[in-house]
Amino acid sequence: MNCEKAVETEILVIGYGNTLRGDDGVGPRVAEAVGKLRLPGVRTLICALLTPELADPISRTKKVIFVDAAVDASKEVQWRELEPHETSQLMAHAADPRTMLALARDVFGRVPEAWWLTIPAVDLGFREDFSPAVQRDFAAALKKVQAFCAEA
Amino acid sequence: MSKRILIDPVTRIEGHAKISIFMDDAGNVSDAEFHVVEFRGFEKFCEGRPYTEMPGITQRICGICPVSHTLASAKAGDALMAVNIPPAADKLRRLMNLGQIIQSHALSFFHLSAPDFLLGWDSPPAQRNVFGLIASNKDLARAGIRLRQFGQEIIEILGDKKIHPAWAVPGGVRSALSEEGRAKIRAWLPEAYATTKVAFDLWQRTMETHQPEIQIYGNFPSLFMGLVAEDGTWEHHGGKLRFTDSSGSIIADQIDALNYLDYIGESVQGNSYLKSPYYKPLGFPAGIYRVGPLARLNICQQMGVPQADAELKKFKKLGHGAVTSSFLYHYARLIEILAGIEYVERYMDDPELSSDYLRADAGINNLRGVGVSEAPRGTLFHDYTVDRNGLLQKVNLIVATGQNNLAMNQTVAQIARHYVRGNTIPEPMLNRVEHGIRCYDPCLSCSTHAVGQMPLRVQLIAPDGSVLNEVARG
Numbered sequence: 001m002n003c004e005k006a007v008e009t010e011i012l013v014i015g016y017g018n019t020l021r022g023d024d025g026v027g028p029r030v031a032e033a034v035g036k037l038r039l040p041g042v043r044t045l046i047c048a049l050l051t052p053e054l055a056d057p058i059s060r061t062k063k064v065i066f067v068d069a070a071v072d073a074s075k076e077v078q079w080r081e082l083e084p085h086e087t088s089q090l091m092a093h094a095a096d097p098r099t100m101l102a103l104a105r106d107v108f109g110r111v112p113e114a115w116w117l118t119i120p121a122v123d124l125g126f127r128e129d130f131s132p133a134v135q136r137d138f139a140a141a142l143k144k145v146q147a148f149c150a151e152a
Numbered sequence: 001m002s003k004r005i006l007i008d009p010v011t012r013i014e015g016h017a018k019i020s021i022f023m024d025d026a027g028n029v030s031d032a033e034f035h036v037v038e039f040r041g042f043e044k045f046c047e048g049r050p051y052t053e054m055p056g057i058t059q060r061i062c063g064i065c066p067v068s069h070t071l072a073s074a075k076a077g078d079a080l081m082a083v084n085i086p087p088a089a090d091k092l093r094r095l096m097n098l099g100q101i102i103q104s105h106a107l108s109f110f111h112l113s114a115p116d117f118l119l120g121w122d123s124p125p126a127q128r129n130v131f132g133l134i135a136s137n138k139d140l141a142r143a144g145i146r147l148r149q150f151g152q153e154i155i156e157i158l159g160d161k162k163i164h165p166a167w168a169v170p171g172g173v174r175s176a177l178s179e180e181g182r183a184k185i186r187a188w189l190p191e192a193y194a195t196t197k198v199a200f201d202l203w204q205r206t207m208e209t210h211q212p213e214i215q216i217y218g219n220f221p222s223l224f225m226g227l228v229a230e231d232g233t234w235e236h237h238g239g240k241l242r243f244t245d246s247s248g249s250i251i252a253d254q255i256d257a258l259n260y261l262d263y264i265g266e267s268v269q270g271n272s273y274l275k276s277p278y279y280k281p282l283g284f285p286a287g288i289y290r291v292g293p294l295a296r297l298n299i300c301q302q303m304g305v306p307q308a309d310a311e312l313k314k315f316k317k318l319g320h321g322a323v324t325s326s327f328l329y330h331y332a333r334l335i336e337i338l339a340g341i342e343y344v345e346r347y348m349d350d351p352e353l354s355s356d357y358l359r360a361d362a363g364i365n366n367l368r369g370v371g372v373s374e375a376p377r378g379t380l381f382h383d384y385t386v387d388r389n390g391l392l393q394k395v396n397l398i399v400a401t402g403q404n405n406l407a408m409n410q411t412v413a414q415i416a417r418h419y420v421r422g423n424t425i426p427e428p429m430l431n432r433v434e435h436g437i438r439c440y441d442p443c444l445s446c447s448t449h450a451v452g453q454m455p456l457r458v459q460l461i462a463p464d465g466s467v468l469n470e471v472a473r474g
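So the protein lines, in turn, are chains A and B. With our numbering, letter number 9 in the first sequence gets 9, and the count goes up by one each step, no holes. With our numbering, letter number 423 in the second sequence gets 423, and the count goes up by one each step, no holes.
With the rest of the complex left out, here is chain B (with noise of 0.2 angstroms):
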């Protein structure tokens, strides 16, 4: 008689959502799936909006990651505009889309991840979580927060609020960085390098005594995916896409953001909210790929800046070609940290941030814009068809989390093959599948999770609906 184990919800990531594991008749796992269980219908509610409302609505899609969707939004709008925005503004949205990687890995690291890794699967659920990591290491605890304050006030000082900054438009930005600006985040550089030396120390620490979780969370084969530039340097917000297999090899380069439907296709599953891309020569499901941090640095040659290329170097090594291995997420959001400070550190010695010329006006030049950023979880498209008069007639919104899914199914079940056991449910286990999908810190449209008391509702299902057992916590 098959059994279905159920995780409702998942806590400790941003947003809502359950999985199903489905044991077999022998008590082993046949497959898990991972559940979306909230509705937003953006892409609907924003037909008949003019284009250019678009980057304040489309951030407030979610409280962690704004940032994210009114730079690809801005992105959309200047496609249709057919504008090549001033060079300033191009490194002003830059500058805001590193605070805005840094706030939300140090965020997914410290606050969301390494209370598992840190504090030991098999710790009390009521500690497993910062306030347990504060007892344990307040010095890490502290960088950690702060270092997200760092992300955060570069968001805050170039947008003038740290969520929904109403800065980013259609053509450009609305403002440059001020000289007590500059200040300001030169001032913190100090702290936030010292604070990631910290993080990578303890991460070495980390995959010294996690190789089993390096070789069960999530490793396997898959394609990779994301936004590089020509010379194959790493990207956060420019460049075009690129899509790798597990094996290094490049299988498609340099595709334009206008033309990913040719390469990307959306399979709808009956039991989520969350769509599930793949890549289109392959088919669905084989097509899988990956996006995010370990996407990002498995498609590029290198980071562009001293330290995180010498951070990249070591990460590559973990791999044969591609680092497949969904725990190294972690490893990579710390290099992409450390990247951010660096680049950002460049900016703060670069004069054009603080030019006047940041705005390039047009009207409507194109009747379909496609705007593609990434955001820190992973490649983000906002897919604007317009009419004449700027008034939006179909959207698409392709997120990181979306094109992960296929890959957090693998994941959960790949965990739960290999620690659940018949009608036993110990809580470290479900904990662990939790993991697998934090590894790719998804972004489920809120932010909402809970620290500690983890609210978990376990039930084991037979094929005919009855519930044959049940565990419940919270």
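Bound conformation, chain A alone (with noise of 0.2 angstroms):
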């Protein structure tokens, strides 16, 4: 099989989580936010969590934005460079998007520019809207996706 594929994007988000658990689902309503934005060259997926076959299309992209709520960060949103790890999570809970950088490193042949935009959870019961803390938050994360995309 050819895996020298052109480059298809310019910008990937990734925003996963789970929408039923109150503020983990942060991270697929801030790419479903993105995506009806239609901004030119942003490609945005949805998913629960993160799994192998997500690492083919990372591989096609120039640059990835990871989306996820953050229960052991700071008590702020995050903008963090990654940069490829073998780490111990693959299709876990606290999956870790390093790996899918290894991975489309290691499989694919190739790796792009990876940040990773954390937004701090409070409450993960079962629910499908936001606490006000995470409520505040999206805005600003979702302005800071908009605002790196308008400068890539």
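It is worth saying that the hints were derived from the structure and are not from the lab. One should not assume that every hint holds.
[As the list claims (entries may be wrong)] Listed next, the in silico DSS-like pairs over lysine-lysine satisfying Cα-Cα at most 27 angstroms (straight line): (1) B:280 - B:240; (2) B:138 - B:197; (3) B:275 - B:240; (4) B:197 - A:62; (5) A:62 - A:36; (6) A:63 - A:144; (7) B:184 - A:36; (8) B:91 - B:240; (9) B:184 - B:91; (10) A:62 - B:184; (11) B:275 - B:44; (12) B:184 - A:63; (13) A:144 - A:75; (14) B:280 - A:63; (15) A:36 - A:144.
Bring the two chains, given one by one in their own frames, into a single complex with the hints.
In structure tokens form, the structure reads like this:
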């Protein structure tokens, strides 16, 4: 199989999390909102968790942004640059996007520039709406992605 | 003084579990138990919900097999409405289930299990995972990822989402297959076939070098159960229930889904949240039965598609009557992947999948409805009792993995008896025991596992509860 595929996307935004567990759904909702903006060169993917087949589209984009809720990080929206790393978390609740990057590199031969946008989660109960804190941070997160896409 | 060996957590499976291995005073394995340590409670908190919500709610039971639950739930809804759904809707649901089987089996074979039998039981745990597979055979790893992608694409093309597609509903489905979607699926077929051929070649070599595992990993007589067509053809979504024994004899056949409780009892164990279903006429635990790929191939006479039928013939020669080795679940999965691809190819030539006649309308016409569908791991039952307004009064879910619970216990005990000796617990032995569980590809209601560094805690515990020895890593 020929894996020397052309880069197909400028920016790929992957939002992941469980939309029925309150703030854990912020990643998919941010990606959904980005998708509705129809920014040129930007593609969005929404998923419940990071799975191996994501390595393929990740390898075919120039830049990738992972968007997720965070329970153990700082109490503010964080934007971090990522490098590929073979961690022990694949298909886990606390999936590490660096593992996806490592898969893209090792299996499909290419790894894009990557960033991790995390929004601190407060309430992970059985609900579809967000806590007030995440409702506030949602706008900031969306702005961050929009600004990045405009500059890229 | 008796001892207990604890494997907690079990890795490279979907869900959270631990294994306890009990030793007698002579240092031999006396028993083993597979504990599920998570509790979901869907059967209880769905009470009071409208039955129409259940395809959406129950697919959240699992992020790996949501399609299976949504299809079984929709069928239960069909039964409550007492409708026959339009033929196009039935075909489309089947197409989605085939996508589910392909992607789930690909994950199980390439990512969760192959690192063990390709890289070896003695290989370092940090390498015995998908990254080790990549280092050893990048093309195979890539092919496995792409094959799972193919199955996911079918699900997304039909349901507009890979995970939790809101598409199958009581009475039918929401949308047909578009021509664009049909073309996309067709384009995948050559690669899917090629990957499956590579996997079969690899599996043939694996069987040659893993005869001890075939003999020891869950090789025991049991019943087998699944859905089957009236003419004995392999089924994954329709048909009726059949039980066979390990001689291959049919002991109960063409059982309507509504009557499953006449044949299946559920035993609750004190040390696990996983119920233990059993074949009622034989009682508990004698009525142990297995479900899933091994069972589906044992109970059917033919797959109904030529390439898979050729493989089925080879498969059936591996048993005397039924194929009883749980290690051969891996082979059965490959045959089902191949059958799935062949059936998907047939559907691509079927114009009815583009029909806009997709829903049957009705109110509540039965106060109890049962939907049965074959999840990749085995037969799945959704049993709903409603009031006249369609609000759920009672829900019973029997999942595939639960039905394999007794068999998993027996498999762990069998493997442990061969490899555990005294107080020494070498890591390869632990991985063999874990692999016995992985043969069943259990889905313990959520998807989580660690790849690589294996967080394991093993304790030898005396009857008085004191810890005699402990080994930990990760």
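Here is what the structure says about each hint:
1. B:280 - B:240: holds (18 angstroms)
2. B:138 - B:197: holds (16 angstroms)
3. B:275 - B:240: holds (23 angstroms)
4. B:197 - A:62: Not OK: residue 197 of chain B and residue 62 of chain A at ~33 angstroms, beyond 27 angstroms, violated.
5. A:62 - A:36: It holds: about 21 angstroms lies between the C-alpha atoms, which stays within 27 angstroms.
6. A:63 - A:144: Holds - the C-alpha atoms of residue 144 of chain A and residue 63 of chain A are around 15 angstroms apart, at most 27 angstroms.
7. B:184 - A:36: holds (24 angstroms)
8. B:91 - B:240: holds (17 angstroms)
9. B:184 - B:91: OK: residue 184 of chain B and residue 91 of chain B at ~18 angstroms, within 27 angstroms.
10. A:62 - B:184: holds (24 angstroms)
11. B:275 - B:44: Judged against 27 angstroms, a Cα distance of about 15 angstroms means the pair holds.
12. B:184 - A:63: Since the Cα atoms of residue 184 of chain B and residue 63 of chain A sit roughly 25 angstroms apart, the hinted pair holds (cutoff 27 angstroms).
13. A:144 - A:75: holds (17 angstroms)
14. B:280 - A:63: Violated. Residue 280 of chain B to residue 63 of chain A sits at ~57 angstroms, over the 27 angstroms cutoff.
15. A:36 - A:144: Measuring from Cα to Cα gives roughly 15 angstroms; hence the hint holds.
Hint check: violations occur at hints 4 and 14; the rest are consistent with the structure.
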